[in-house]
Amino acid sequence: DAGVIQSPRHEVTEMGQEVTLRCKPISGHDYLFWYRQTMMRGLELLIYFNNNVPIDDSGMPEDRFSAKMPNASFSTLKIQPSEPRDSAVYFCASSPIRGEGYTFGSGTRLTVV
Amino acid sequence: SQQGEEDPQALSIQEGENATMNCSYKTSINNLQWYRQNSGRGLVHLILIRSNEREKHSGRLRVTLDTSKKSSSLLITASRAADTASYFCATARDDKIIFGKGTRLHILP
Chain A
1 DAGVIQSPRH
11 EVTEMGQEVT
21 LRCKPISGHD
31 YLFWYRQTMM
41 RGLELLIYFN
51 NNVPIDDSGM
61 PEDRFSAKMP
71 NASFSTLKIQ
81 PSEPRDSAVY
91 FCASSPIRGE
101 GYTFGSGTRL
111 TVV
Chain B
1 SQQGEEDPQA
11 LSIQEGENAT
21 MNCSYKTSIN
31 NLQWYRQNSG
41 RGLVHLILIR
51 SNEREKHSGR
61 LRVTLDTSKK
71 SSSLLITASR
81 AADTASYFCA
91 TARDDKIIFG
101 KGTRLHILP
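Just so you know, the protein sequences line up as chains A and B, in that order.
Its first residue numbered 1, the first sequence is counted upward by one per residue in this note's numbering.
Its first residue numbered 1, the second sequence is counted upward by one per residue in this note's numbering.
The hints are simulated quantities; they were obtained by calculation from the structure and are not laboratory data.
These figures come from a predicted structure and were not determined experimentally.
Glycine is no exception: its CB is placed at the ideal position from the N, C-alpha and C atoms.
It is possible that some hints are incorrect.
Claimed, not checked - Below, in silico cross-link-like pairs of lysine-lysine (BS3-like), each with a Cα-Cα straight-line distance of 30 angstroms or less:
(1) B:Lys56 / B:Lys96
(2) A:Lys24 / B:Lys96
(3) B:Lys56 / A:Lys78
(4) B:Lys96 / B:Lys26
(5) A:Lys68 / B:Lys101
(6) A:Lys68 / B:Lys56
(7) A:Lys78 / B:Lys96
Said to hold, decoys possible - Label pairs and their calculated CB-CB ranges:
(8) A:Ser66 / B:Leu11: 37 to 43 angstroms
(9) A:Gln80 / B:Leu11: 39 to 45 angstroms
(10) B:Gly16 / A:Lys78: 44 to 50 angstroms
(11) B:Lys26 / A:Arg109: 28 to 34 angstroms
Given these sequences and hints, build the entire structure.
Now the structure itself:
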């Protein structure tokens, strides 16, 4: 298995633009998580899905953030409009078992200028 | 909060020495996990210890868990240059895993 695949690896965008981050989880993993990592706040859980259904989005910072999982093999995290404070590394992770070892993607480094 | 806190925030040791990192948390948990993150990469799962376990080994890694003190430690024996990374403890409760801010470990040649 190729692991969790995220795209793009790097994204530089101007303030106000829409940004879409993509994730392909490991086949057979029923749980998918989106995290954001910054130096100041560490790793923050934004939202997670179980069997494609959003379970907890309490970590999504604002209405500008939205996430979808239309099928078991694909998820997106969208920021519209983007702001400089959204600059961070965004990670997707998947897991086959509730609350146990996650497999992380390589992350998307987002810079909003 | 459920979030674990690692101690120390940064640690530098000579190659070959043992490295010990600690984690404290505040709420009851199902399990505690340790992850490693190399610079510019995603996190890699190292080891999981369940709430009813006290100690676990995996290769050069030894993890302990004291649920009465709500603390865990990660010991890396005979450190190598390749162990240079950030190490995170993660506490699991129900579906979610919450990560601490990590310990930056630097192995000196």
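Verification of the hints:
Under the criterion of a C-alpha separation no larger than 30 angstroms, the hint pairing lysine 56 of chain B with lysine 96 of chain B is consistent with the structure, at around 22 angstroms. A threshold of 30 angstroms between alpha carbons decides the hint, and for lysine 24 of chain A with lysine 96 of chain B the separation of about 20 angstroms falls inside it, so the pair holds. With a C-alpha separation of about 40 angstroms, the suggested pairing of lysine 56 of chain B with lysine 78 of chain A is violated against the 30 angstroms cut-off. In summary, the hint linking lysine 96 of chain B to lysine 26 of chain B is supported, as the alpha carbons are separated by about 15 angstroms, within the 30 angstroms threshold.
Proximity of lysine 68 of chain A to lysine 101 of chain B is assessed by CA-CA distance (about 27 angstroms); at most 30 angstroms being required, the pair is judged to hold. Taken as a hint, the lysine 68 of chain A and lysine 56 of chain B pair is broken in the structure, with Cα atoms around 37 angstroms apart against an allowance of 30 angstroms. Distance restraint check for lysine 78 of chain A and lysine 96 of chain B: the Cα-Cα separation of roughly 22 angstroms lies within the 30 angstroms cut-off, and the hinted pair is therefore satisfied. Here the CB-CB span from serine 66 of chain A to leucine 11 of chain B is close to 39 angstroms, well matched to the stated 37 to 43 angstroms.
Between glutamine 80 of chain A and leucine 11 of chain B the beta carbon distance is about 41 angstroms. The supplied range of 39 to 45 angstroms therefore holds. As the Cβ distance of glycine 16 of chain B to lysine 78 of chain A is approximately 48 angstroms, the hint placing it in 44 to 50 angstroms holds. Look at lysine 26 of chain B against arginine 109 of chain A: about 31 angstroms separates their beta carbons, and that is inside 28 to 34 angstroms.
Hints 3 and 6 from the list above are not met by this structure, while the remaining hints are.
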